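Q: Residue numbers (the numbering used here), protein chains in the order written: chain X, 1 to 176; chain V, 1 to 185.
Derived from the structure by calculation, the hints contain no laboratory data.
Honestly, I wouldn't trust all of these hints.
[To be verified] Partial chain X-side listing against chain V, Cβ under 8 Å, derived:
1) Leu-7
2) Phe-99
3) Val-119
4) Gly-122
[To be verified] Cβ-Cβ distance ranges computed for the label pairs, FRET-style:
5) X:Val-87 x V:Thr-139: 42 to 48 Å
6) X:Trp-153 x V:Val-52: 40 to 46 Å
7) V:Glu-41 x X:Val-83: 32 to 38 Å
[To be verified] Stretch by stretch, here's where chain V covers chain X in the computed footprint (C-beta under 8 Å, at least three residues):
8) 17-30
9) 62-68
10) 81-94
11) 154-165
Predicted model, so just to flag it, every value in this text is computed and none were measured.
C-beta: ideal position from N, C-alpha, C; glycine also.
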Amino acid sequence: MSGQSLLQMLGHFALMSLLSVGGALATSPEMHRFLVDAQGWLDHRQFTEAIALAQAAPGPNILFVTLLGWQIDGAIGAVVATVGILVPSSLITFAAHRFSARLAHRPLAQVIRKALSPVAIGLTAAAGWVIAGAQEQGGFSMGLTALTFVLAWRTRLNPLWLIAAGAVAGAWAASV
Amino acid sequence: MSGAESLRAPASLGELFLAFSALALKGFGGVLPWAQRAIVEEKRWLSNEEFVELLAFGQLLPGPNVCNLAIMVGDRFFGWRGALVALAGMLGMPAVIVIAMAWGYGQLAAHPLARGAVAGMGAVSAGLIIAMAFRLGATLRRWPAGLFLSAGAFVLVGVLRWPLPPVLIGLSGLAILIAWRGRAA
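Bound conformation, chain X alone (with noise of 0.2 Å):
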């Protein structure tokens, strides 16, 4: 990848990281959107296969993003991708941390928070919409996600158990 391909991807990522007010997971639209749809440095199943891998993974969901990174450039992209996805957000509360971290108090703060909620919670549900790639897909994966939706929504199965079946099920439906 050039050189001016990688700053663009660190331009991008460092954006979502301003934005990622309701955590990074609820900016993966906009990456598909740019990564996918826009540059075609990745295709739809590899986008859905970094944040399968990092779901079945330990550790912050955000790793998502560095394995993004990964599947278009290897190490550099992985690199890269982290980068800018910690750096804006850290140094941000890095620094409100050493403003203030009482402001959440205030009632302007409290406000802010419930306001923001209503909105990341949408975004994760369109995360969810466009990983699940209704126009990609075919039925039997949309069943699944419908499945484990039903399943993760209304029992306390722990998802680890869901990702497996999942893998289960896609393997069998990959060999029949």
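Knowing the structure of chain X, use the given hints to seat chain V on it.
A: Just chain V now, with coordinates in the frame of chain X:
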């Protein structure tokens, strides 16, 4: 008692790093519960009130909650070096593991069974993420305007695929206005 007198500080940057590494590695599908357990109950670096306060503050800011938390806890005890070390602990080992998984999968990706398995995991991930949104959304049942804002974000960004920056700025501004006007109610 669980008062401030029984709290302690991490002895070294090494202890800070190891504690955040350990809690991150336990966090399959969510690090936050493990962070609370390790920092408040086991290490006793923060009281539960302090933990909740830092978490709430981190939620106002961009970035993942748990990473913001690591930065603030590290900064509190060791300044910028602590922030860096705690964040490195939170992400270092998990990053190595997730890249090893991706590398291993890359070796197998030509095999249809492996591709099928990861495609199945992807379909499940999508369902898990949508279910997470619905669980979080349960708190909005008493706030109809909140439900409307959620649905707006979902349709504009998820279904219509509008660019995120204008949607986020527009809806957040609207949301703050609505929440501010309704704060007394």
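Q: Each hint should be assessed against the structure and marked as holding or not.
A: Hint check results:
1. Among the interface hints, the one on Leu-7 of chain X is violated; its C-beta lies about 19 Å from the nearest C-beta in chain V, farther than the 8 Å criterion.
2. For Phe-99 of chain X, the suggested interface contact is broken, since its CB lies about 10 Å from the closest CB of chain V, more than 8 Å.
3. Hint status for Val-119 of chain X relative to chain V: holds, with the closest Cβ pair at about 5 Å, below 8 Å.
4. Annotation: Gly-122 of chain X was flagged as interfacial toward chain V, and the flag holds, the nearest CB pair being 3 Å apart, inside 8 Å.
5. Separation of Val-87 of chain X from Thr-139 of chain V is about 31 Å and departs from the stated range, judged on CB atoms against 42 to 48 Å.
6. Under the hint 40 to 46 Å, the C-beta atoms of Trp-153 of chain X and Val-52 of chain V, about 26 Å apart, miss the expected range.
7. A hinted range of 32 to 38 Å holds for the C-beta pair Glu-41 of chain V and Val-83 of chain X, which are about 33 Å apart.
8. Chain V is given as covering the region 17-30 of chain X, and this holds because 11 residues of the stretch bring a CB closer than 8 Å to a CB of that chain, at least three being needed.
9. With 4 residues having a Cβ less than 8 Å from any Cβ of chain V, the region 62-68 of chain X passes the three-residue criterion, so the hint holds.
10. Judged by the Cβ-Cβ criterion of 8 Å, the region 81-94 of chain X is covered by chain V as claimed, because 8 of its residues qualify and three suffice.
11. Counting residues of the region 154-165 of chain X whose CB lies closer than 8 Å to any CB of chain V gives 6, which reaches the minimum of 3, so the coverage claim holds.
Checked against the numbered hints given earlier, this structure breaks hints 1, 2, 5 and 6; the rest are met.
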